[in-house]
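Please build the complete structure, drawing on both the sequences and the hints.
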Amino acid sequence: GAGVSQSPSNKVTEKGKDVELRCDPISGHTALYWYRQSLGQGLEFLIYFQGNSAPDKSGLPSDRFSAERTGGSVSTLTIQRTQQEDSAVYLCASSPGREYTNYGYTFGSGTRLTVV
Amino acid sequence: AQSVTQPDIHITVSEGASLELRCNYSYGATPYLFWYVQSPGQGLQLLLKYFSGDTLVQGIKGFEAEFKRSQSSFNLRKPSVHWSDAAEYFCAVGVSVFRLEAGTASKLTFGTGTRLQVTL
Numbered sequence: 001g002a003g004v005s006q007s008p009s010n011k012v013t014e015k016g017k018d019v020e021l022r023c024d025p026i027s028g029h030t031a032l033y034w035y036r037q038s039l040g041q042g043l044e045f046l047i048y049f050q051g052n053s054a055p056d057k058s059g060l061p062s063d064r065f066s067a068e069r070t071g072g073s074v075s076t077l078t079i080q081r082t083q084q085e086d087s088a089v090y091l092c093a094s095s096p097g098r099e100y101t102n103y104g105y106t107f108g109s110g111t112r113l114t115v116v
Numbered sequence: 001a002q003s004v005t006q007p008d009i010h011i012t013v014s015e016g017a018s019l020e021l022r023c024n025y026s027y028g029a030t031p032y033l034f035w036y037v038q039s040p041g042q043g044l045q046l047l048l049k050y051f052s053g054d055t056l057v058q059g060i061k062g063f064e065a066e067f068k069r070s071q072s073s074f075n076l077r078k079p080s081v082h083w084s085d086a087a088e089y090f091c092a093v094g095v096s097v098f099r100l101e102a103g104t105a106s107k108l109t110f111g112t113g114t115r116l117q118v119t120l
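Chains as they are written, first to last, in the working numbering: chain A, 1 to 116; chain B, 1 to 120.
Hints may contain errors.
[To be verified] Calculated lysine to aspartate or glutamate pairs in the DMTMM-like style (CA-CA distance at most 25 angstroms, straight line):
(1) B:107 with A:24
(2) A:11 with B:88
(3) B:49 with A:44
(4) B:107 with A:68
(5) B:107 with A:14
(6) B:107 with A:63
[To be verified] Covered by chain A, according to a simulated footprint, are these stretches of chain B (three or more residues, beta-carbon under 8 angstroms):
(7) 40-50
(8) 107-117
These aren't lab readings, by the way, just hints derived from the structure by calculation. Since the structure is predicted, the reported quantities are computational estimates derived from the model, not experimental observations. Cβ atoms here follow ideal geometry from the backbone N, Cα and C, with glycine treated the same way.
So, in structure tokens, the structure goes:
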């Protein structure tokens with residue numbers, strides 16, 4: 001597609017339920033990032049995928065969070081046993097490749113997650 | 001560790017007035033610096049970036065930013081603000097981190113943002 005697509009755009013879930021957030025990066029972009037934007041906070045790095053390399057999971061806040069990227073394209077961020085503090089906008093970004101070009105992020109519009 | 005500070009949470013300017021949004025960073029090496037804009041319900045759009053060279057960089061929508069190493073600053077400016085510029089603006093520093101299991105990651109560390117309101 002022309003841009004980074006995220007679905008759903010909004011998700012309301014009950015505390016304790018699992019949720020899956022999807023990201024379709026720009027075709028051909030090898031790098032994919034997940035960030036979290038909480039109210040009044042900046043953007044917090046969660047996880048990074050580069051091609052077929054093992055992901056950099058250093059930003060995941062707890063073991064309830066996981067992500068996978070199938071076929072080097074679509075990514076799914078899964079939050080298990082959601083808590084109210086997980087409420088945030090989850091942003092996905094992709095970029096063409098390594099180093100300098102890696103900073104040419106294109107962000108999706110995000111998924112607003114509300115845990116009630 | 002790197003960090004970014006945007007000291008102004010909220011700024012209001014009149015349409016046609018000049019604008020300066022402040023950004024200070026902390027990073028041990030030469031930083032890669034960015035400004036992004038986020039309109040309501042939208043993703044982040046890159047306004048401009050600094051990697052090296054000329055310290056005054058031009059971006060889209062008439063924005064510019066100046067890198068001042070001595071002040072660890074990368075302030076965003078626009079000579080005349082339009083009502084459509086109302087949005088949230090984020091400054092970010094880019095860091096390359098090598099991890100054995102994942103190769104080189106190029107991560108952005110963002111400030112907390114400045115919300116710009118434009119009055120007519």
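These are the hints, each one checked on the structure:
Taking the CA atoms of residue 107 of chain B and residue 24 of chain A, the gap is near 19 angstroms; set against the 25 angstroms cutoff, the hint holds. Between residue 11 of chain A and residue 88 of chain B the alpha-carbon distance is near 23 angstroms, which keeps this suggested pair within the 25 angstroms criterion. With a C-alpha separation of about 19 angstroms, the suggested pair residue 49 of chain B and residue 44 of chain A falls inside the 25 angstroms cut-off, and the hint holds. The suggested pairing of residue 107 of chain B with residue 68 of chain A holds, with an alpha-carbon distance near 18 angstroms, which does not exceed 25 angstroms.
For the hint linking residue 107 of chain B to residue 14 of chain A, the alpha-carbon distance of about 32 angstroms lies beyond 25 angstroms, and the restraint is violated. The hinted pair formed by residue 107 of chain B and residue 63 of chain A meets the criterion: a straight-line CA distance of about 21 angstroms does not exceed 25 angstroms. Three residues within the 8 angstroms Cβ limit are the bar, and the region 40-50 of chain B against chain A gives 7, so the coverage statement holds. With a threshold of 8 angstroms between beta carbons, the proposed coverage of the region 107-117 of chain B by chain A holds, since 7 of its residues qualify and at least three are required.
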